[in-house]
Amino acid sequence: MSGLGITYGRGGATSSLMDLQNSDCILIEGSNMAEAHPVGFRHPMIAKRKGAKLIHVDPRFTRTSALCDIYAPIRPGTDIAFLGGLVNYVIQNEAYFKEYVVNYTNAPTLLSEDYEDMDDTGIFVGWDEQKRTYDFNKWRYEGMPISPAVGGSQGAITGEAYSNRVGQYDGAGEFPTDPTLQHPRSVFQVLKRHFSRYTPEMVEKVCGTPKESFLEVAKTICENSNPDRTTSICYSVGWTQHSKGAQLIRTSAILQLLLGNMGRPGGGIMALRGHATIQGSTDIATLYNILPGYVAIPDANKTHNTWKEYLETETAHTGWWSNFPKYATSIMKAWYGDAATPENDFLFDKFVRINGDHSYYPTIMAMKDKEEGQGVEGAFVFGQNFAVGGPHARLARDGLRNLDYLVVLDAFDIETSGVWKLDGVDPKTVGVEVFFMPAALVAEKDGTFTQTQRMVQWHDKSVDPPDDARSDAWFVYHLGRRIKELYKDSTDPRDELIQAMTWDYGHEGDRQEPIIDNVLREINGYTVADKKPINSFVQLKEDGTTACGAWIYCGIYKDGENQAKNREFGEAPHANWGWAWPLNRRILYNRASADPSGKPWSERKKLVWWNEEEEKWNGIDVPDFEPAKNPDYRADPSAVGQAAISGNSPFIVNADGKGWLFAPGGLKDGPLPVHYEPLESPVQNLMYKQQYDPGVKKYDRPDNPYNKPMDPRYPYSITTYRLTEHHTTGAMSRWIPWLGELQPESFAEISTELAAEKGIENLDDITVITSRGKLHTRALVTDRIPVYDFDGQKLHTIGLPYHFGPNGLVTGGFVNDLMPVSLEANVSIHEAKAFTCNMEKGHL
Amino acid sequence: MATGFLTDTTVCIGCKACEVACKQWNQLPADGYNLTGASYDNTGHLSGTTWRHVAFIENPKKQRRLSGDVDLIALAEDVTETLPGNAELDGLGRWNFMSDVCKHCVEAPCQQACPTGAIIRNEFDNVYIQPDVCNGCGYCVPACPYGVITQVPNDGRAFKCTLCYDRQRDGLEPACAKACPTNSIMFGDVEDLKVIAAERVATLHAKGYDNAFVYGTPEVGGTGGIGGNHSKFILMDDPETYNLPRHPFMPQVKVKGAFVASSIAAAALTAVVALAFRD
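Quick note, the sequences are listed as chains G and P, same order.
Be aware that the first sequence starts at 635, since it is given in this note's numbering, and climbs by one per residue.
Be aware that the second sequence starts at 166, since it is given in this note's numbering, and climbs by one per residue.
I should point out that these hints are in silico values taken from the structure, not numbers from a laboratory.
A quick note: this is a predicted structure, and the numbers were derived from the prediction, not measured.
For every residue, glycine included, the Cβ atom is placed at its ideal position computed from N, Cα and C.
Some hints could be false.
Restraint ranges, calculated between C-beta atoms of paired labels, are given here [to be verified]: (1) P/D335 to G/L1478: 53 to 61 Å; (2) G/K1392 to P/G303: 44 to 52 Å; (3) P/N287 to G/R1116: 38 to 46 Å; (4) G/F1070 to P/E364: 54 to 62 Å.
List time: in silico DSSO-like cross-link candidates among lysine-lysine, alpha-carbon distance up to 27 Å [unchecked claim]: (5) G/K1192 to G/K1175; (6) P/K372 to G/K853; (7) G/K1428 to G/K1323; (8) G/K684 to P/K359; (9) G/K1428 to G/K1392; (10) G/K1165 to G/K1122; (11) G/K845 to G/K1323; (12) G/K1332 to G/K1408; (13) G/K845 to P/K359; (14) G/K1408 to G/K1062; (15) P/K372 to G/K684; (16) G/K936 to G/K960; (17) G/K684 to P/K343; (18) P/K343 to G/K1199; (19) G/K1095 to P/K343; (20) G/K826 to G/K772.
Here are some chain P residues the structure puts well away from chain G; computed CB gaps all over 12 Å [as the list claims (entries may be wrong)]: (21) E184; (22) T281; (23) G303; (24) V306; (25) D331; (26) E338; (27) P346; (28) K359; (29) T382; (30) G392; (31) E405; (32) T406; (33) P410; (34) I429; (35) L440; (36) A441.
The whole structure should be built from the sequences, with the hints applied where relevant.
Here it is, written out as structure tokens:
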């Protein structure tokens, strides 16, 4: 999520689903919201009934398109060209919100003379061809010191820890600006020149979007973005899963800053997550390189030798991450209790360190490449079915089969647990020992969901799970209990951490389910002396007197009440329905809903405002700002922490409190977004010489070949997606008869033109082929798949729902076997939404 | 008080949550796993085991009538050619979704055809088949002008939407309406729903969607033959597009004419026979 993180300071969705009801226009792009988020789509439909314009930009005409006022087709993987076209339209037509842009973004800031505009090479200044990396110093503000390791940006909430995000400049400082925005080296003029080639004609050529459609979209968005009206943008994995996903999202973030839609009711960027609690799983740290609350994990390759060094390395001078020591200390107290003291550096010497890239892809490869004594020996799989859903899923299945042991917790015998008998392998030759643990489903256990808008909702158990099925928490809790029992008499110093670990959640009932409420209390945090819940992360201390499992969730147990149980449906922003981090703020950066002097931009769009008499911020939402900071306050250039953020700077997590139109560091593939073709594309990049994102990481292995750009053997583009009727890899839906009958088999959607060309009739057997593998499926011939005209060449797209596998009531081939593993430069995401293939009639 | 449904197809997203909620609440079996290739509809039609069914109506670009309030709309009237640059300016009408259900007719032909009295109007004025009285004769099946009812194989009896009689008895709305995420399916007092429907259609007309209308009132939509429906629909196209009859009627009204006609034919044949045996 570094596209949003670098621009605004935090990577989370900036508004709430319910707030979409206040939008005057909603642009849905990179998301098939009606199909993939049908319940959330309720809110755009309410907005539409109230008169809002809905726009869908997508490679396919979907159920979402069917409900929108405007549908604009777009060739897969060309969204930066489209959004860049919108940025250019807004600037050229002077449709930007000038007062907002001048005050709340870095548009007036001047860049150093080292920065040069990009020419048609498609490479920014500072590129090192040998190392294949950029020198961020070439992108710095004027007056910013050159630094070998330029601090780190607010990492936070971006899914990566603070110091991994190189980019936020070190120390405060005042840099020269030009509030008239006319200086040729001002960010605004740089932006204007950079996007000037993204004309409506270029959009039509590159994206295949008819100029009329593009202009209709541009006009509608501009008409609905001003002091009195707001436009919201909804996206999902249709934007993230690209070889330039972070830059793609950043283009929309730049657009929303120019239009002044951030921090205001009905505005913002709604990052729609793919599962009910994906936000929660990153918040509470399923990523290998963070501790809960996006706190950097100790790393053997960084200056993290001692507790002091760790804190010094990770603490920012300005912005919110200056509070790092309080959060890190409170985690250690929550996990190790009385055993963690200031005298023993809170057991930091015993704590684990990472020493490399332990993310999904290298781990899968380390499973497959395992040899005696090295590589990955075993795996625990909770709520995952990557035998179907992993990119290049065959690689994942080969890896799983090569393990010594595999523990799978799931409700059904999914492909991941059944991997030992798939792909035609002889089970006798497969070494892995599989332990299948029947798992409870949601209604069968207590717990919480943290959904797409950072909102946490508690759910109570309704019924006991059947037979031996137990909650995932039951498994982890009792595993931990038994491990502690086994190590309790050890005298080996390395076992001290296990002995010190607090594991006192308790259990209840004859099934001995752990008490989840106690887990939530620990996450919220408490004062060590009296165990009383704390109300806000501003109460956290670095002296060890507070404990807190995840600082961003502080306040979820405010006043000793479980706030996630709240179910009061009132007026927007519905502050008493569930609880949203941070501190129940529903709309982030909401200081921007008021003008620089603190008054709402308009009565219709008021949200928070400065109360002169009470000397504090009031509002309908919880202010995302220091409550008593006067709008007239100006930070001293030498100030640190939040004191460095002026009263007219709404983006409080960023070092300068401004929204970053230009990123003077932090993104590994450029300070501004650039249109590149997908890594695998049937055509040449018309806009620049550079064909694909220069920062993309590739794995050159015999089992992971890539289709070369414009390879005539692979002339079509694939885009993969979900259907409403199934859930991701089908692990919870392909075993349900009522869902199975609705979408009973895998299929490929192809256009009527392509079908005619290939002599294919509806429901004919077809084979889709890439250099990784092939897929047997059937054709669903439809004119909802547009054919894109590219310089006279007809470009065809093949749409593939990826839900299916060989197990369950309804089955199909593995779509993800077709996909390569490639990693986007900033967040290491694969490219599932645009890669190339061939397709033939019949099962070959 | 009569209760019923209002299904607003203009906000239906085709998610089929109503189909699943109906089958789950009423414990109806799945009907098999067959990819039909007909848009995203793999359950086909209403039946004794499918009481809610979401129809997917494809209106390919070249045949459809565009409507809406965008600039190039004049160009789009009755288009048979594509717009400049293949532009599609208005999604609404291109791909329609409609959650079909028993119409709960005011004068229900199924009820009149039922010889055992199994089909009644219950206290909510809904058309209800009493499963313990139904003897499986199947007379109601051809009587229904909408093709809603079928007999369930291996059981023989006829089943259809009960308007969640059991839920209504407990003060709950029917499962399908409860599950609908966009309020496309509304449940309530028929008189209230009539008002909501009229307002919604007026709004759509004001927006330029002139073809929106309420199907299921005797005044509009031609359901006079059965006195109107307690399940109404807001539609955007001709009823036939949604597989609904434009002029549904009660088959029984043809009985009198048919009886007279066949009596005359019988009399004529008798006369012919009598003549042939004269002498």
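query = Looking at the structure, which of the earlier hints fail to hold?
reply = When the structure is compared with the hints, numbers 3, 13, 21, 27 turn out to be violated.
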